[in-house]
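Trainee: Taken in order, these protein sequences are the chains called A and B. Numbering-wise (this note's numbering), the first sequence opens with residue 1 and increments by one. Numbering-wise (this note's numbering), the second sequence opens with residue 296 and increments by one.
Please keep in mind that the hints were generated in silico from the structure rather than gathered at the bench. Warning: the hint list may mix true and false statements.
Stated by the list, open to error - Among the chain B residues that face chain A by a calculated CB cut under 8 Å, a handful are:
id: 1; residue: ALA568
id: 2; residue: ASP603
id: 3; residue: GLN691
What the hints assert, rightly or not - FRET-style restraints, in silico, Cβ to Cβ:
id: 4; chain 1: B; residue 1: ALA575; chain 2: A; residue 2: PRO52; range: 46 to 56 Å
id: 5; chain 1: A; residue 1: VAL270; chain 2: B; residue 2: ALA661; range: 25 to 35 Å
id: 6; chain 1: A; residue 1: ALA35; chain 2: B; residue 2: GLN558; range: 42 to 52 Å
id: 7; chain 1: A; residue 1: GLN61; chain 2: B; residue 2: ASP602; range: 30 to 40 Å
id: 8; chain 1: B; residue 1: ALA575; chain 2: A; residue 2: VAL270; range: 28 to 38 Å
id: 9; chain 1: B; residue 1: ASP750; chain 2: A; residue 2: GLN152; range: 28 to 38 Å
id: 10; chain 1: A; residue 1: GLN61; chain 2: B; residue 2: ASP662; range: 42 to 52 Å
id: 11; chain 1: A; residue 1: PRO52; chain 2: B; residue 2: GLY714; range: 57 to 67 Å
id: 12; chain 1: B; residue 1: ALA661; chain 2: A; residue 2: GLN152; range: 26 to 36 Å
id: 13; chain 1: A; residue 1: VAL270; chain 2: B; residue 2: ARG578; range: 52 to 62 Å
id: 14; chain 1: B; residue 1: ALA575; chain 2: A; residue 2: GLN61; range: 40 to 50 Å
To be verified - Output of the computed footprint for chain A on chain B, the stretches with three or more beta carbons under 8 Å from beta carbons of chain A:
id: 15; segment: 438-444
id: 16; segment: 551-558
id: 17; segment: 622-636
Small disclaimer: the values here were computed from a predicted structure and weren't measured. Heads up, the beta-carbon is just placed ideally off N, CA and C, and yes, glycines get one too.
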Amino acid sequence: MSVIDSPQDIAREVETPPGLLRRLVRQRQAKIGIALTGVVVLLAVLGPLLLPWATGYTSTQFAGRPFQADGLFGTDNLGRDVLSRFLDGGLRLLIYAALATLLGMVLGGLTGMVAAYQGGWVDSIIMRANDVMLALPQLVFALLAITVLGPQGWVLVVVIGITHAPRIARVTRSATVEVITEDFIRAAEMYAVPKWKILVKDVLPNITGPLMVELGLRMTYSIGAVASLSFLGLGMQPPTADWGLMINENRIALVVQPWGVILPVLAIAVLTVGTNLITDSLARASANVNVGATK
Amino acid sequence: MEPATSSRLRLPDTSALQLTRRRLLGTGLALGLGGFLAACSGGQPDVLASPEGPPQSGGTLRVGLSGGGAADSLDAHSPVSTTDIARVVNLYESLLYRDENYELQPLLAVSATPSADALVWTVDLRKGVTFHDGRPLTGRDVAATFKRITDPDDPKTGASSLSVLDEVAVINDHRVEFRLNTAAATFDDSLGQYALGIVPEDYDPATPIGTGPFKYQSFTPGRSSLFVRNENYWRDNEPYLDELSILNFDDDDALINALLSTQVDAVGQIPLALLEVIDADPRISILNSETGMWMPFTMRVDKPPFDDNRVRQAFRLAVDREQMIEQVLSGNGSIGNDLYSPFDPGYASKLPQRVQDIARAKELLADAGYPDGLSVELVTAPIQAGAVEAAQVFAQQAAAAGIDVKIRRVDTTTFFGDGYLQWDFAQDFWYTRNFLPQVNNSSLPTAPYNETHWDHPEFNELVAQAKGTLDPDKRNELIAAAQEIEYNEGGYIIWGHPNQADAYQQYVAGLVPNRTGLALSGFEFRRVWLGGDLS
């Protein structure tokens, strides 16, 4: 086509297909996912603000004897109001999971891109180190670190973030390898653009698709990991209200006063299903992009 | 007097770490099954009449207990887990034992008499007692038993309290002398431990033979045991049961489910928080026993800030004991006065009950140099039901006095690991014991579990005197005086004594509340019988 002297044609050709986000929200699955996640996130974020106004108790106040039917959902193993504990117990889980995911993304993304872009022995060293990390079961590694360093919030975040990093690095590397053979990278190199700039400005925008999918996936895992560690007594420390901890504290009364377990289990389940649905849709959306972009 | 039936026992609740997928699945299954079984039981009468009238013979009692594992054993002298204890006390019998009122009673002995200097204790044996294989019990068996327990190369559970024992001399078939190296006015208490069952001279744990009401039939460690009635048991009529089956359960969920679905007839040690809801089931009876067990907070008296007695007293005054009992034990316990051994005849019951006094606590802290309060770390672990819970309640209560308690929850293995007995501020759990045996374990510079690092010259002197005093009144005065020192300066915060709660089907009879802290009437199943239709 005679592109050169026809500005209108140029404009049309440059027009990008609908953005990743827009294609994401178009899918019904994504809508459901966003709704589910939204409900739980809202609950977790607004919950602490509602106390003690909504239930009459703070999350650590005693409302009666243990495992009684007082209040909407009864009392927990120490006689605290289950609903208050529930409302107050989600925010930390979300924040920790988000921070851990973010950390994993930054670490994994960086190492993956560097490995792919540098190639050679740098690539080998990074990726073999990665393999070693991958060989360690995630939860066991987390247990070990937390036992040694103590169950503080930052340890939780760092440990989960670090265990995510190798998986993210792999995905990032393979995505990057495809991009760096493109001509525009060569061009940038010829203009002596600094490497970091190439990575950030040219490579990164072209691998957002797979990275977003990874982000969603890792977020789901982070939620699971933080909740599991709290459940095992290695995450949030009592008397903090926390969904994972609640499950552990109240499971002895599962048969007789189940709300203390059911509420947090439901919330965590809905949350992970929601983020998973979004991730799934994201993967589909980003696959479309790649198809469109490469053909 | 003397006491202690229970050797120190720690039933590790490692549930936090052992919670595996299998267990999670198990919980889910149990929940589903529970509902299913409940639905199926609709056609049966919900309430069986409680048995009345004279005891009936026959039937099998199925007892469920949690704890234990592959290391379970029937060795008379090494019971560790609850399940071990339940089995051992039904196969073997000691010379003396603690009855349900925590009083020392003769069992295989008919009497135990000290010499004037309390250095020799003469024990007369019961006549006509035979072992499960038909051989009669003699003084030689007693001597051999104690030789086995105190074997320097392989001391058994009961050995620590027998350190004063030099030798057991056989006087004749029915009389032995315990010769001691130190005067021990309460040595009979040491003989009353359940881990001192008398066994034949040629005892081999592989063929577990004793004089107990039940005889060994089969046993799988960590799973179950089946014992049958000892036809030649020395008490008339007892035992009433034909068979005794003791089953291990991995956790409380499974245990309670088994009870509610009538897979077992009685379960020991149910969580106190669940007591009311289980009691609401018309088919189930609850056995709620007052005990002398205690779950203290331990302050190290040799480390700041607790080396200052004002700080220790302030901490003790910060506790609302009533609330502790309500929240941690669901009201099933008796209030503590920072003293252990409530059943000891010398117990200092005249000391005023300590109650929460935040103003006084603040004053004491200010005097001690903490006008703005202070921050401490409290190490806790699920060492016993309610331990982590108690730590949380304490943290809340102490905040009012300006004490910022940071809870550090570790797992049980870590708790009893290298840091054990070294934590500045932690918790522990003890079974019922009388004062002198307890002090030997926890409150002397020589005690193996002196977790508060308590070493008070005047206290030590009073204890030493009491140990050598045969006159009970004098001894009790000395004990009360020693307790007063601990009341005023000690490192323990003893807020209460939890009850021991068991549950059983209504058709089970013969179980009575028992103060020893052992479950299900101290596992005295010889007295148990089953009512209703046994077919």
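Trainee: Double-check B/ASP603 for me: the hint is only fine if its C-beta lies closer than 8 Å to a C-beta in chain A.
Mentor: Cβ of B/ASP603 sits 27 Å from chain A, so the hint is violated.
Trainee: Min Cβ distance, B/GLN691 to chain A: is it shorter than 8 Å?
Mentor: Hint on B/GLN691: holds, closest Cβ of chain A at ~6 Å, below 8 Å.
Trainee: Are B/ALA661 and A/GLN152 spaced within 26 to 36 Å by their CB atoms?
Mentor: Holds - the Cβ-Cβ distance for B/ALA661 and A/GLN152, about 31 Å, lies within 26 to 36 Å.
Trainee: How does the coverage statement for the segment 438-444 of chain B fare against chain A, requiring three or more residues with Cβ below 8 Å from a Cβ of that chain?
Mentor: violated (count 0)
Trainee: Is 42 to 52 Å respected by the C-beta to C-beta distance linking A/GLN61 and B/ASP662?
Mentor: About 31 Å separates the Cβ atoms of A/GLN61 and B/ASP662, which means 42 to 52 Å is violated.
Trainee: According to a criterion of three or more residues whose C-beta lies within less than 8 Å of a C-beta of chain A, is the segment 551-558 of chain B covered?
Mentor: holds (count 3)
Trainee: Verify this for me: three or more residues of the segment 622-636 of chain B with a beta carbon less than 8 Å from a beta carbon of chain A.
Mentor: holds (count 4)
Trainee: Is 30 to 40 Å right for how far apart the beta carbons of A/GLN61 and B/ASP602 are?
Mentor: 34 Å, holds
Trainee: Holds or violated: 25 to 35 Å for the Cβ distance of A/VAL270 and B/ALA661?
Mentor: This hint is violated: roughly 51 Å between Cβ atoms.
Trainee: Just to be sure I understand the hint, the distance between the Cβ atoms of A/ALA35 and B/GLN558 should be within 42 to 52 Å; is that true here?
Mentor: For B/GLN558 against A/ALA35, whose Cβ atoms are near 44 Å apart, the range 42 to 52 Å holds.
Trainee: For the pair A/PRO52 and B/GLY714, does the Cβ-Cβ distance stay inside 57 to 67 Å?
Mentor: Since A/PRO52 and B/GLY714 have Cβ atoms about 37 Å apart, the given range 57 to 67 Å is violated.
Trainee: Holds or violated: 46 to 56 Å for the Cβ distance of B/ALA575 and A/PRO52?
Mentor: 30 Å, violated
Hints 2, 4, 5, 10, 11, 13, 14, 15, counting from the list given before, are not met by this structure.
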